[in-house]
Amino acid sequence: MNFLQIVEPIPQLYSGVVFHIGRLPVTNSMISTWLAMVLVLGFVFFLKKHINLKSESKVQTFFEIIIEAMFGLLDQITSDRKRSEKLFSIIASIFVFFLLLNTITLIPGLTAIKVNDVALFRTATTDFNTTLALAVLVVFLSQLASIQSNGLFGHLGQYIQLKRVFLGFKKGIGQGFLSIIDFAMGLLNVMGELARVISLSLRLFGNIFAGEVLMVVMISFLSFIAPSLLLAQTLLVGGLQAMVFSVLSAVYLNLALGPVSDNIS
Amino acid sequence: MEGLSPEAAKYIAKGICTLSMLGSALGEGYLIGKALEAIGRNPEASGRIFPMMILGAALAETSAIYALVIALIM
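Here the protein sequences line up with chains R and S, keeping their order. All residue numbers for the first sequence refer to the working numbering, where the first residue is 1 and numbers rise by one. All residue numbers for the second sequence refer to the working numbering, where the first residue is 1 and numbers rise by one.
Derived from the structure by calculation, the hints contain no laboratory data. Take these hints with a grain of salt, some might be off.
Far from chain S, some chain R residues (derived; all Cβ distances over 10 Å) [what the hints assert, rightly or not]:
1) 8
2) 18
3) 79
4) 107
5) 159
6) 179
7) 182
8) 210
9) 229
Distance ranges between label pairs, derived from CB positions [to be verified]:
10) S:2 with R:176: 53 to 63 Å
11) R:51 with S:13: 50 to 60 Å
12) R:190 with S:54: 27 to 37 Å
13) R:227 with S:45: 33 to 43 Å
14) R:21 with S:40: 56 to 66 Å
15) R:158 with S:40: 38 to 48 Å
Idealized CB from N, CA, C, for every residue including glycine.
Hey, can you work out the whole structure from these sequences and the hints?
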């Protein structure tokens with residue numbers, strides 16, 4: 001009997017390489033990402049077949065309720081229905097994608113499949129590359145949205161506030177020196193964008209990875225009932241973190257698009 | 001400081017990392033307490049406050065998660 005002894009290996013930070021395509025290593029987190037993509041696509045085609053305007057099937061009503069709830073949440077952030085409709089596709093797909101990635105290894109037996117002693121599937125969000133890629137994508141998109149709403153020079157002006165310095169010195173020397181502080185703050189905004197990438201990606205990665213480590217530790221000393229509760233918690237945390245990621249990206253995109261009243265005029 | 005091996009220093013650093021959980025716990029407690037207060041004052045709004053509370057709790061957890069990531073990478 002070895003109580004309180006970790007018998008399974010603690011999950012590694014890096015994912016295992018399953019095979020190579022040319023010189024590109026294909027890792028198990030990539031494979032599970034592909035699985036998630038296939039599942040999402042299959043689901044989309046399934047829904048597309050079964051959905052029409054007049055139908056009153058239960059499946060359709062169910063998904064309509066879910067989509068309405070998502071719209072409600074997005075409306076709270078953007079406070080404008082038109083903008084919600086604009087952002088909905090990207091935000092909802094990020095949400096669904098991460099929800100699937102976080103919970104895909106809860107399918108029984110999926111992690112037990114091994115090829116050359118490397119598990120074929122792994123929770124893709126426990127690989128930092130996945131979350132970093134999506135965070136970079138979201139911040140890059142918010143930059144593009146900012147360029148779209150402010151123009152290229154207006155967008156760059158948020159970081160290099162030469163206009164403010166110019167106007168400040170026009171008013172007087174004292175104002176001019178104060179505006180130099182504004183200029184430095186503008187340069188700090190660049191760091192802010194980088195911090196967004198890091199915080200968005202690390203939050204998701206850390207939560208899911210911590211869940212995996214906790215699971216191994218729990219299974220080693222309470223192997224019968226407690227892990228099932230923890231599995232349920234994994235489901236909750238996976239959904240919650242997917243929601244946090246998508247809500248935050250909605251907030252960033254909404255901020256980049258500027259105030260709503262500008263759009264109407 | 002002669003007897004302190006790098007391995008020991010690493011474990012001490014990991015221990016210091018766990019201090020960040022103090023801040024996270026304080027923040028989360030404050031947040032949930034305030035949310036419960038708000039629900040107590042206005043029970044009809046609980047449907048709107050509760051999701052925001054969960055979201056805030058997930059955000060407040062972040063600093064502890066950063067510490068965990070640092071401790072795991074070390």
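Against the structure, the hints come out as follows:
A cut-off of 10 Å between C-beta atoms confirms that residue 8 of chain R is not in contact with chain S; the least separation is 16 Å. The Cβ of residue 18 of chain R sits about 23 Å from the closest Cβ of chain S, beyond the 10 Å cut-off, so the non-interface label holds. Distance to chain S confirms residue 79 of chain R as a non-interface residue, since its nearest Cβ pair spans about 14 Å, more than 10 Å. Distance check on residue 107 of chain R: its Cβ is at least 24 Å (rounded) from any Cβ of chain S, clearing the 10 Å threshold; non-interface status holds.
At the 10 Å boundary, the C-beta of residue 159 of chain R stays outside the reach of chain S, the nearest C-beta of that chain being 25 Å off. Distance check for residue 179 of chain R against chain S: the nearest CB is about 33 Å away, which clears 10 Å, and the non-interface claim stands. Residue placement check: residue 182 of chain R keeps its beta carbon more than 10 Å from all beta carbons of chain S (closest about 28 Å). Remark: the non-interface label on residue 210 of chain R conflicts with the geometry, its nearest Cβ contact in chain S lying 5 Å away (cut-off 10 Å).
The claim that residue 229 of chain R lies off the interface holds: its Cβ sits roughly 18 Å from the closest Cβ of chain S, which is beyond the 10 Å cut-off. In this structure the supplied range 53 to 63 Å holds for residue 2 of chain S paired with residue 176 of chain R, their Cβ-Cβ distance being about 57 Å. The given range of 50 to 60 Å is respected by residue 51 of chain R and residue 13 of chain S, whose C-beta atoms sit roughly 55 Å from each other. Under the hint 27 to 37 Å, the C-beta atoms of residue 190 of chain R and residue 54 of chain S, about 32 Å apart, fit the expected range.
Roughly 37 Å separates the CB atoms of residue 227 of chain R and residue 45 of chain S, a value that falls within the hinted 33 to 43 Å. At roughly 59 Å, the beta-carbon separation of residue 21 of chain R and residue 40 of chain S lies within the given 56 to 66 Å, and the hint holds. About 42 Å separates the C-beta atoms of residue 158 of chain R and residue 40 of chain S, a value consistent with the hinted range of 38 to 48 Å.
When each numbered hint is compared with the structure, a violation occurs for hint 8 only.
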